[in-house]
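Trainee: If you read the protein sequences in the order shown, they are chains A and B.
Counting from 1, position 160 in the first sequence corresponds to residue 160 in full-length UniProt numbering; the numbering is continuous, with no gaps.
Counting from 1, position 304 in the second sequence corresponds to residue 304 in full-length UniProt numbering; the numbering is continuous, with no gaps.
Chain A regions said to be covered by chain B (calculated; three or more residues, Cβ under 8 Å):
# : stretch
1 : 6 to 15
2 : 76 to 82
3 : 165 to 178
4 : 286 to 297
5 : 391 to 401
Worth flagging that the hints you see were computed from the coordinates, not collected in a lab.
Virtual Cβ for every residue (Gly too), placed ideally from N, Cα, C.
Protein chains: 2
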Amino acid sequence: MAKNAFYAQSGGVTSVINASACGVIETARANAGKIGTVYAGRNGIIGALTEDLIDTSKESDADIAALRHTPAGAFGSCRYKMKSLEDNRREYERLIEVFKAHDIGYFFYNGGGDSADTCHKVSQISESLGFPIQAIHVPKTVDNDLPITDNCPGFGSVAKYIAVSTREASFDVNSMALTSTKVFVLEVMGRHAGWIAAAGGLAADADNDIPVIIIFPEVPFEQEKFLAAVKAKVDSHGYCTVVVSEGAHWQDGTFLADQGTRDAFGHAQLGGAAPVVANMVKDAHGYKFHWAVADYLQRAARHLASKTDVDQAYALGKAGVEMALAGENAIMPTVVRTSDAPYAWEIGKAPLADVANVEKMMPKEFISEDGFGITEACRTYLLPLIGGEDYPPYKDGMPVFVTLKNVAVDKKLPEFKM
Amino acid sequence: MAKNAFYAQSGGVTSVINASACGVIETARANAGKIGTVYAGRNGIIGALTEDLIDTSKESDADIAALRHTPAGAFGSCRYKMKSLEDNRREYERLIEVFKAHDIGYFFYNGGGDSADTCHKVSQISESLGFPIQAIHVPKTVDNDLPITDNCPGFGSVAKYIAVSTREASFDVNSMALTSTKVFVLEVMGRHAGWIAAAGGLAADADNDIPVIIIFPEVPFEQEKFLAAVKAKVDSHGYCTVVVSEGAHWQDGTFLADQGTRDAFGHAQLGGAAPVVANMVKDAHGYKFHWAVADYLQRAARHLASKTDVDQAYALGKAGVEMALAGENAIMPTVVRTSDAPYAWEIGKAPLADVANVEKMMPKEFISEDGFGITEACRTYLLPLIGGEDYPPYKDGMPVFVTLKNVAVDKKLPEFKM
Chain A
1 MAKNAFYAQS GGVTSVINAS ACGVIETARA NAGKIGTVYA GRNGIIGALT
51 EDLIDTSKES DADIAALRHT PAGAFGSCRY KMKSLEDNRR EYERLIEVFK
101 AHDIGYFFYN GGGDSADTCH KVSQISESLG FPIQAIHVPK TVDNDLPITD
151 NCPGFGSVAK YIAVSTREAS FDVNSMALTS TKVFVLEVMG RHAGWIAAAG
201 GLAADADNDI PVIIIFPEVP FEQEKFLAAV KAKVDSHGYC TVVVSEGAHW
251 QDGTFLADQG TRDAFGHAQL GGAAPVVANM VKDAHGYKFH WAVADYLQRA
301 ARHLASKTDV DQAYALGKAG VEMALAGENA IMPTVVRTSD APYAWEIGKA
351 PLADVANVEK MMPKEFISED GFGITEACRT YLLPLIGGED YPPYKDGMPV
401 FVTLKNVAVD KKLPEFKM
Chain B
1 MAKNAFYAQS GGVTSVINAS ACGVIETARA NAGKIGTVYA GRNGIIGALT
51 EDLIDTSKES DADIAALRHT PAGAFGSCRY KMKSLEDNRR EYERLIEVFK
101 AHDIGYFFYN GGGDSADTCH KVSQISESLG FPIQAIHVPK TVDNDLPITD
151 NCPGFGSVAK YIAVSTREAS FDVNSMALTS TKVFVLEVMG RHAGWIAAAG
201 GLAADADNDI PVIIIFPEVP FEQEKFLAAV KAKVDSHGYC TVVVSEGAHW
251 QDGTFLADQG TRDAFGHAQL GGAAPVVANM VKDAHGYKFH WAVADYLQRA
301 ARHLASKTDV DQAYALGKAG VEMALAGENA IMPTVVRTSD APYAWEIGKA
351 PLADVANVEK MMPKEFISED GFGITEACRT YLLPLIGGED YPPYKDGMPV
401 FVTLKNVAVD KKLPEFKM
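Chain A with its partners taken away, still in its complex shape (with noise of 0.2 Å):
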């Protein structure tokens, strides 16, 4: 009798993570004899620690087509992270009990660092219990941090989204810099890793002299090199676009956004880093500025998916099946890049003992020199990403996105302190 499958979404959630279900789903739907049913997590693995299981398979095949096309997460994710093995056996046991109470026999755990690792001890204890669990890590992040792939998931779309935004953007101050604003600041998402903000760097090309300042979290920022690199560029252009990551951060340390600043309550007064940027700019040179925080609109912008992204998300839902029905266990499919241009890749794995704890960060030779702008090899690496255009279907103006039945499963076990 063929095992069921568990899937389940981790951590924060993007614009294709539905694709790489819709690709687990179909592939486990296209393969009926060889895998039984699949069992999505309500928000992630708690679902299953909670043994709150849904039931996949009273969707119709067009609601989960229709995942392909619809942002966030269509079952729940949940930000939580297992601890280790050894302060938390009894976690990793009831998740056992869970998947042998409902015949699991494949575990396939949908997201970014701290899922690959809770994978692989899925997979380890499964082997130390006796219970043969096939764990499979998808990748998702839009922070693109894991390493071996070539990509993440959810990345593409953001970086598409980023710098699209910012060309449109400064199109519009170009175009009113003579006498409003002139410098224009957006605030975009990576706290440890500047991928993001590099894609603002897309802005510019052969055709597109715009003028784009980045703000890395890669380099401490310096104020005042940085007030003379917005100076010059309002100089040679009439404005300025700044895009600063959320995560830019003084020599010390301590980010940009975090002010000391307090209302007058005497609470500490969020801000973002781009109004901070902003100010500090209208401080030193005068000119008139504005600023956005794009924050989620970014990772769940699907109506501006990249092509790409869609595709790779959805092939590494389904050669995760493939590779579990082929026997693997304790992997992760990645893509790998066999060509630039024109953009190639094909399907690799990686074992999760490599994925695991592994932050890739950026290349040093993607920063230009000054520290403010994206090299030729950043650029050669990042445009395949947002190549192509993936529009989800409109109706009445709005596109169409799925809200699944999401049945539950009968329970069969007690309860489970959490």
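Add chain B to chain A, keeping to what the hints say.
Mentor: Using the frame of chain A, we list chain B on its own:
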């Protein structure tokens, strides 16, 4: 000999104002025997005052056609409100001088309320000075506050961007709410009128049960009532999305964004309404929050323009030229809605005397009784305006926008001190 035309873009640019420019120039080219060269003002009306004219005949047909999908102001715009005729006769007389020097008989002014007023005055003074100028105002404003016309080009695309972004971000928050963000706050434009904020209400519909709370500038902010409404949404849906207008204000008129906080140097701490509202919710209920400020991204977002908006922007530019050729003066072509569903519209016209200095506010019956949502009447009004998609062409993953040559016309007059 056919008279030349002058065209200028005025005030804050939009993602479709160039579509109006395209309509003006293409229609003028199609009537080459009856209308001469279209000169554009570099940086709007300032280009007329300084005799800094752009010869649009130097642009290829392909480049002019590309204006239809290029955001912002291709000739430059400006924030420059001409004073009243009494206070500033000199500037109006200078305009006429420049028009005379370049044999200009048509004045197409593409802007909002202020420019309608200027346009009207130019028509009046041309009469009194005995140099005939037909002055036509082509409407444009994301604020949607011009009277008589069904809507204003620029607004529909911003509305679509806000509606789509609100839906996408809500899907994101919904899928994470159990362990992470429960309240997402999106700040949108519209200092005086809540038209743009209202568009956030379109995120929810019969197929998408999304808990949206809107903070309108039309409704003085009541903190306790707002906090109770947020709690009710989080209790019922697990999360809540707040769309707050930058013009949201307290009973006494103070903007929510104005907190009177100071940084370490005693400078006013400029923030947005979004972080203020988000922190308020956190303080009262302890919910984890995220916030975004869309700022220029919303009005520059040509990648998500409404087809209706693009079509109308073009049609109004075209109609402006046709009306001028038919001998009209001191008028604004308008959109006349003839049916809600299916949406049908035709071109009408309004005398500038009826347009200038009249602001169209949101009708009271468009805001729900609790003050935090939109009514069915509002939905019926808004939905057609975001209808249809009109994607720009892409190359290598990025939208292809045109940058014109903008060749200057030789000056014939002495310099004018502004």
